[in-house]
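Each chain is listed here by its residues.
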Amino acid sequence: MTAPPAPDARIHDIGYRRYEGERLGAMYARCSLFVHSLRGAYGLGRSARSKMLPIGLFVIMCAPAVVMVAVVMTTGRDELPIEYTAYGVFMQPIFGLYLALAAPQMVSLDLRYKTIPLYFSRPIERGDYVIAKFASLTASLFLFVGIPLLISYVGSLLAKLDFADQTTAFARGLVATAVFAVLHAAIGLLIASMTPRRGFGVAAIISVLTIPYFAVISLMVVADEQGSPDAVGWIGLFSPGSLLEGFQAKFLGGELEFPGDQMLTNAAGAAYVVVIAAIIALCYFLLTRRYRKAG
Amino acid sequence: MLYNHTVARLTYRALLGRRRALILCALPALLLVIAVAVRAFAGVDDRAATEILGGLALATLVPLIGVIAGTGAIAPEIDDGSIVYLLSKPLNRRTIVTTKLFVAIGVSLAFTVVPILIAGIILNGNSQQIATAFTVAAIVASVAYSAVFLLLGTLSRNAVVLGLIYAMVWEALFGNLVPGARVLSIQQWSLSLAERIAADGADISSDVALPTAMILLVVATVLGTWYAGERLRSLKVAGDD
Chain A
1 MTAPPAPDAR IHDIGYRRYE GERLGAMYAR CSLFVHSLRG AYGLGRSARS KMLPIGLFVI
61 MCAPAVVMVA VVMTTGRDEL PIEYTAYGVF MQPIFGLYLA LAAPQMVSLD LRYKTIPLYF
121 SRPIERGDYV IAKFASLTAS LFLFVGIPLL ISYVGSLLAK LDFADQTTAF ARGLVATAVF
181 AVLHAAIGLL IASMTPRRGF GVAAIISVLT IPYFAVISLM VVADEQGSPD AVGWIGLFSP
241 GSLLEGFQAK FLGGELEFPG DQMLTNAAGA AYVVVIAAII ALCYFLLTRR YRKAG
Chain B
1 MLYNHTVARL TYRALLGRRR ALILCALPAL LLVIAVAVRA FAGVDDRAAT EILGGLALAT
61 LVPLIGVIAG TGAIAPEIDD GSIVYLLSKP LNRRTIVTTK LFVAIGVSLA FTVVPILIAG
121 IILNGNSQQI ATAFTVAAIV ASVAYSAVFL LLGTLSRNAV VLGLIYAMVW EALFGNLVPG
181 ARVLSIQQWS LSLAERIAAD GADISSDVAL PTAMILLVVA TVLGTWYAGE RLRSLKVAGD
241 D
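Protein chains in written order, with my numbering: chain A, 1 to 295; chain B, 1 to 241.
Worth flagging that the hints you see were computed from the coordinates, not collected in a lab. Every residue gets a Cβ at the ideal spot worked out from N, C-alpha and C, and that includes glycine. There may be inaccurate statements among the hints.
[Stated by the list, open to error] Among chain B residues calculated to face chain A with C-beta under 8 Å, some are: (1) L2; (2) L27; (3) A29; (4) I34; (5) V38; (6) A59; (7) L64; (8) I68; (9) N158; (10) L164; (11) M168; (12) A172; (13) G175; (14) L177.
[What the hints assert, rightly or not] For the chain A half of the interface with chain B, some residues (derived, Cβ under 10 Å), not all of them: (15) I94; (16) T168; (17) V221.
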């Protein structure tokens, strides 16, 4: 039997207050998620150990640009040894490793430690989460290739190379880099979102990037030796690396390093654009579908 | 004692349990598809066979499967701390390492050697012993990769990335640019064996002499396994980070 309430029972006002500050809204939450993920992709705001690999890879990525500038300055050549548009493709192993490191970092941990519901307790939707992660991975990849390009651009201007030539080439390089970044971000993020295990995500991304690439290169060599140079261009459709190499050569005036050294036909070039766009759209669609139920 | 059946079973299930075996199957399946396609369109061609078995199978498939099997055998358990339950059993820790190595080697062999042999036979019917040469090379490479990557799994939390850096950057990128880097490359060591086995007309060449390569392969495997055992022996159960 409970005691009857004391006759003088009352609720004390112990000074709780409403929040009356500014409500920052969904846009602010999206921006925060974007900035946080972007910083995380380079290890900023994480332990010194987690900074080591991304920063180390970034330094390796920049090294050829610095060397190129030094070579141009000392030998007085009138052009850079590696074109702006080809830089990303040239440094593909490093780029692939960075993607394999950054993409699982961005999404796998949220899945593994089940922090996703916490994000959705803020005023953002599932689509916003996907957009923010996609945008920040794209931005980090763009910076990863774009900054070495900027180094070589500034260096080549300091070495008194032709201003107009270098600026158009640099602008084209940035366009190629943007396409490169969006395509790889789409593929990497999709694969990483499939598994909460980081190690498995890393291996899976590398497999998807390298195995088709080497398969395509081997097939191209075979096709070229068999005397069907037209087939070389079409085979290039089957791996992300060769897609971008063909794209930049056909539309941005780069050089094509495919076996046989033959430029793509117009039909093949159009197919490259369609396939790139289709892969990005498909990966994005699958990502939003993946996150419809996650968490 | 070198082998414990229960540890082997657990490792095997960690590597190939659930859908993982199917995903791993995709890589050798791609090799076989390519082999069939090349044979169908180009016919029997020894250069094509060497290009695909050397450039695709031995250079990417074997190291990738090696990384997945070698680090996957031990790194996830150390990472999430469940290795503690294994270490607290009355088992020599060296036994745990060697058992996990056997499983990693077995998985690598199953997913590389068999498909490479089949692909080689499809491509040119083992003319000039090319298929045999690459199969033997894949066997020794798988063993060495498994041991080295198992060691990496006990050394670092980023074992997969470090293993891939070794396979992709050191062996592929630096190996192409700096000839000296090829001396310390498992791929080149196994290629020197392939060079010896294949007929003279086959275009397989390695930068490392056969005796050196054999010694380095054995040293890498034995030393890697020994040091992995040492690492596991002195592993602290409570993480320090």
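For each hint given before, does the structure comply? Return the numbers of the non-compliant ones in rising order. The structure conflicts with hints 1, 3, 13, 14 and 16, although it agrees with all the remaining ones.
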